[in-house]
Amino acid sequence: MNKLYTLIATAAFIVTLPQDIFAQEMSFEEYNPTSTLVVPGKEINRAKFRFIDVHSHQRDMSVEKLGSLLKDMESLNEGIMVNLSGGSGESLKEKVDNIQKSYPNRFVVFANVDFEGADGAEWGQRAAAQLEADIKNGAKGLKVFKSLGLRNTDASGNRLAIDDPRLDPIWAKCAEMGVPVLIHAADPKSFWDDMDSDNERWLELKTHPRRKRSNTDPAPWEQIIQEQHNVFKRHPKTKFINAHMGWHANNLEKLGKLLDEMPNMNVGISAVIAELGRQPQNARKFFIKYQNRILFGKDSWNPDEFPTYFRVLESNDEYFPYYKKYHAFWAMYGLNLPDEVLKKVYYENALNLIPGLDRSLFE
Numbered sequence: 000m001n002k003l004y005t006l007i008a009t010a011a012f013i014v015t016l017p018q019d020i021f022a023q024e025m026s027f028e029e030y031n032p033t034s035t036l037v038v039p040g041k042e043i044n045r046a047k048f049r050f051i052d053v054h055s056h057q058r059d060m061s062v063e064k065l066g067s068l069l070k071d072m073e074s075l076n077e078g079i080m081v082n083l084s085g086g087s088g089e090s091l092k093e094k095v096d097n098i099q100k101s102y103p104n105r106f107v108v109f110a111n112v113d114f115e116g117a118d119g120a121e122w123g124q125r126a127a128a129q130l131e132a133d134i135k136n137g138a139k140g141l142k143v144f145k146s147l148g149l150r151n152t153d154a155s156g157n158r159l160a161i162d163d164p165r166l167d168p169i170w171a172k173c174a175e176m177g178v179p180v181l182i183h184a185a186d187p188k189s190f191w192d193d194m195d196s197d198n199e200r201w202l203e204l205k206t207h208p209r210r211k212r213s214n215t216d217p218a219p220w221e222q223i224i225q226e227q228h229n230v231f232k233r234h235p236k237t238k239f240i241n242a243h244m245g246w247h248a249n250n251l252e253k254l255g256k257l258l259d260e261m262p263n264m265n266v267g268i269s270a271v272i273a274e275l276g277r278q279p280q281n282a283r284k285f286f287i288k289y290q291n292r293i294l295f296g297k298d299s300w301n302p303d304e305f306p307t308y309f310r311v312l313e314s315n316d317e318y319f320p321y322y323k324k325y326h327a328f329w330a331m332y333g334l335n336l337p338d339e340v341l342k343k344v345y346y347e348n349a350l351n352l353i354p355g356l357d358r359s360l361f362e
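In terms of numbering that gives the first Met the number 0, the sequence shown opens at residue 0 and continues consecutively.
Take every hint as true, because none was put in to throw you off.
Quick list of in silico lysine-lysine cross-link-like pairs, DSS-like style, CA-CA up to 30 Å:
1. K253 to K188
2. K324 to K41
3. K323 to K64
4. K238 to K92
5. K288 to K342
6. K288 to K47
7. K92 to K64
8. K324 to K145
9. K284 to K47
10. K284 to K41
11. K135 to K145
12. K64 to K135
13. K288 to K232
14. K205 to K253
15. K135 to K238
16. K256 to K284
17. K64 to K145
18. K342 to K284
19. K342 to K232
20. K323 to K211
21. K238 to K188
22. K238 to K47
23. K253 to K323
24. K70 to K324
25. K70 to K323
26. K284 to K324
27. K145 to K236
No lab work stands behind these hints: they were computed from the structure.
The task is simple: from the sequences and hints, build the whole structure.
This is the structure in structure tokens:
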């Protein structure tokens, strides 16, 4: 059989290679080889202990939808879902009413504040008063979206900083009412870095180009993160849950120092399990040391993705796949956390931070 060959000459020998080897072209997105590694381990479809998902988003909280959600929750061993998209005013009251009419101990909502157009000291007082009304109507906490610090502007059209003093009455109100603030600030640091071959998030930025940021769009990453920390330090009586581990899951030494500096800061693991799963020994030590400050959360509601979280936290499995290549093109490893740590991450820490949850679900 005739084939076209290319001669490769070196000082020592001559070899022939098929021409089609040199003709192959494949993009990074297309190259996704099946691993030939055979190791023990299996997918964990149901959490070892009942858990509280402190980071979920549900726009539809009709009674019918809650029933559908509960079926998936039971299959995962999820005890309580915290819907961070509770809204405010009548919208929040409707969600709480539907929960009370159907599954009052399985769902809770956090209120939201519309920060757009902040103007003057009285604005913060009015926002805090509305938040107080929302808490009295059933909200169990406040969720702050990343739009604060990235997109929200004040009445003059300027970027509204997270540590703007006009917002202080809101944080103080949460301390007064005894509810936590779950806050998402900025995005991964890589979104601010050059989009080149050195950027681990290159594929995500290519597939989601609007996520790209810069020091002037809208501000340096370090500045936005520092604004968040300024609020934590200025309001030591307010309990904060820093979403996505504050975007420091890839630098746990730094995150540990921040936790030491700010005893009112806790962290949620939503959307950063891929960072933890590639450093199992380091992450395991971190979880054991800070076991009272870490909460389980997933973010996007996709029941098929929860098993990866369970497997990273519970098993000692090696080299198993993650579910989104644009988040992580590397494999996962299990942390094999002790049961007492798992229980704290899965539900005990949330029970201690969020008021009014049904503790009997976890006995």
